[in-house]
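Chain A is already provided as a structure; the job is to place chain B on it using the hints.
Number of protein chains: 2
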Amino acid sequence: MHFFSSNFTLGILGGGQLGKMLLYETRKWDVYTKVIDASLEAPCRIACNEFVQGDLMDFDAVYNFGKGVDVLTIEIENVNVDALEKLEQEGLTVYPSSKTLRTIQNKASQKLFYVDNNIPTASFTRFAYASEIEDSLSNGGLQLPFVWKSAQFGYDGQGVKIVRKLEDLEHLPNVECIAENKVDFKNELAVIVARNSKGESKTYPVVEMEFHPEANQVEYVICPARIEPEVMKKAIAVALKVSESFNHVGLLAVELFQTQEDDILVNEVAPRPHNSGHYSIEASYTNQFEQHIRAILGLPLGKTDSKVAGIMVNLVGAEGHTGDVVYENIDAILEMEGVTPHIYGKKQTRPFRKMGHVTIVDEDVKKARAMAQKVKETIKVTSH
Amino acid sequence: MHFFSSNFTLGILGGGQLGKMLLYETRKWDVYTKVIDASLEAPCRIACNEFVQGDLMDFDAVYNFGKGVDVLTIEIENVNVDALEKLEQEGLTVYPSSKTLRTIQNKASQKLFYVDNNIPTASFTRFAYASEIEDSLSNGGLQLPFVWKSAQFGYDGQGVKIVRKLEDLEHLPNVECIAENKVDFKNELAVIVARNSKGESKTYPVVEMEFHPEANQVEYVICPARIEPEVMKKAIAVALKVSESFNHVGLLAVELFQTQEDDILVNEVAPRPHNSGHYSIEASYTNQFEQHIRAILGLPLGKTDSKVAGIMVNLVGAEGHTGDVVYENIDAILEMEGVTPHIYGKKQTRPFRKMGHVTIVDEDVKKARAMAQKVKETIKVTSH
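As they're listed, the protein sequences go chains A and B.
Numbering of the first sequence is given in UniProt numbering, commencing with residue 1 and proceeding in unit increments.
Numbering of the second sequence is given in UniProt numbering, commencing with residue 1 and proceeding in unit increments.
In short, the hints are calculated from the structure, not lab data.
Heads up, a few of these hints could be off.
[To be verified] No more than 30 Å apart at the CA atoms, straight line, and that leaves these computed lysine-lysine pairs for DSS-like:
1. A/LYS186 x A/LYS346
2. A/LYS67 x B/LYS346
3. B/LYS182 x A/LYS376
[To be verified] Stretch-level coverage of chain A by chain B, calculated; a stretch enters the list once three of its residues show a Cβ under 8 Å from a Cβ in chain B:
4. 18-27
5. 53-65
6. 68-75
7. 290-301
Idealized CB from N, CA, C, for every residue including glycine.
With the rest of the complex left out, here is chain A:
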């Protein structure tokens, strides 16, 4: 059924900010949409045609929701995959597939997938329980330091720790996990691959994550990455290989390390629009959200080139502030040319909570980078 058909419904699992940005694009083409999320306060609620309250990890909630749509996609990976599998068996179009989601949801199986498919990644050991790590260290199977990652639900720092000495093991939860070689990298890069059901692929330019020298936190996502053309080529080839290996349909954001030897290693992937592609709203011919919709609806993929250079700065809550949010100096950044703030509409801030992002575009990436620094130094997310 074509998406212009008056009976067509696109279903989205998850009602967060990524879903909201996806929904803007469905409006442009008048695609009828239905969203499920546990929270009645979900950002998507206002932007979809129909909203259903339900737990994304609950089999029945996801299964019943899926029975009422024609194509089903996600804006968050933590959903009930068994329900998706049953829906697929019953003929529903689900992108990303349950198989891909199952592999990605578990970091151990994700890493094994890379190994099985000959995709370069940092070497690692899988443990059923963190308590097994000490044995492995004492018998020489594992060396310090390493990166510990919980296999399930490891999000932004919470499920990731660098283990430098034995004592660091003490506070690890005793769950399935991996111990990964600490990669000595020059740059952290990302490539977004769009792929449709016909197997057609397009890649966005390689972006670079610039880290704060002390805080070890991504400060800027820079497009294009300021790296050698040869490294770009290699990064794109690896990202394409990952997308093809998953036989993926939709967007796949592939996070990569560029090692000191200019090798490219896959860090992890997200099978959906991604923070590293937010710059595309202002900078690209086809933004990542429109591209995801094109891919999952079986439409031709759009041009992924950039009109201008783009830099994204995450807007996070300032330290020492918890409560009703205030965006200090937002007028001052609106005064800078080519600067677009995106405010996610969360009413409460807390330290490091993601409250929005700002995109800075300019023909000259150096000028954009300088402006991004000014933006970062100017706007502050505080509280009353």
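Coordinates of chain B only, in the frame set by chain A:
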């Protein structure tokens, strides 16, 4: 009150397609919005925070709606101006002002405004009734041919007729009207001016309306216009003067004629986002909808330059088709690089009904123009 305040509400009179595109931008900054429209099927209903059903020409409906918002704007000019005036007297911020709207709503008073403010426009005569025209012709006060325009509610062709001979007068409605000199123009141009309450102005590049050689209908809006720099300068100066004369706040789209002698004459204005600025969504650093919001909320105005050249093609219903709409070959145009269709979501088509628009962007305006022609020849809005 700053628009980020949790109590702030932006009100929009009218729930049509322009309002919907305006609402996308409010979402980006999480501005709380309330819309009033007579139809429960209004496109805005899905994109605003609160929707009120009400007649825009009804004093009480508009007045009561206005009492519940902090800033009030419009997406259509035909609204009850008396209610806006009362709201202004009671302290509400209303952009465009009731005074400006009152002047613009009546084409005779709009033309008189240009004369009073020394703004170049085609010469004209005002008639309280169309029946007075014949007398004026017979006593030599008026010559054939001329352009007849009803003073009120003259929309796209319906309120405009070219009178070449006496018999053409027969079918004119006997209402207040103007008879305007038929301008022999080289080009029809438009300039969008953004102006905020501090009196700061920014102008978008001059765009050109390219007409179908036979059908006398705008086929393409082209940015930048393919005209001499001197003519561009003149057009921008005239547009700025119009905006300042109205002491306007918000967007003002100024439609202009470039005469055979390269004089610039004002045709008419629209005090809101406008069809001639749709290209800005894909081509400009700041699109017209974001700019309107910046202007009426007292924020700094954004950069109006283009990242790339942009061409807009209106999608209108094909002749001979009335009923459930079908967008033939939409996949084929999605395959062309830099082409973005915007589908307004009207379920029924009829000949010449405006169903959407398509934007074509490219670094080279000539390449974009050639592609626009291909788009126009490919996509067809028909019915089942």
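Hints and how they fare:
Proposed proximity of A/LYS186 and A/LYS346 is contradicted: the alpha carbons are some 35 Å apart, above 30 Å. A C-alpha spacing of about 27 Å is found between A/LYS67 and B/LYS346, which places the hinted pair at or below 30 Å, so the restraint holds. With a CA separation close to 55 Å, the supplied pair B/LYS182 and A/LYS376 exceeds the 30 Å bound. Counting residues of the region 18-27 of chain A whose CB lies closer than 8 Å to any CB of chain B gives 3, which reaches the minimum of 3, so the coverage claim holds.
Only residues whose C-beta sits within less than 8 Å of a C-beta in chain B count toward coverage, and the region 53-65 of chain A has 0 of them, not enough to reach three; the restraint is violated. A count of 0 residues in the region 68-75 of chain A with a Cβ less than 8 Å from any Cβ of chain B is obtained; the coverage claim is therefore unmet, three being the minimum. Coverage of the region 290-301 of chain A by chain B holds. Counting CB-CB distances below 8 Å, 4 residues qualify, and the rule asks for three or more.
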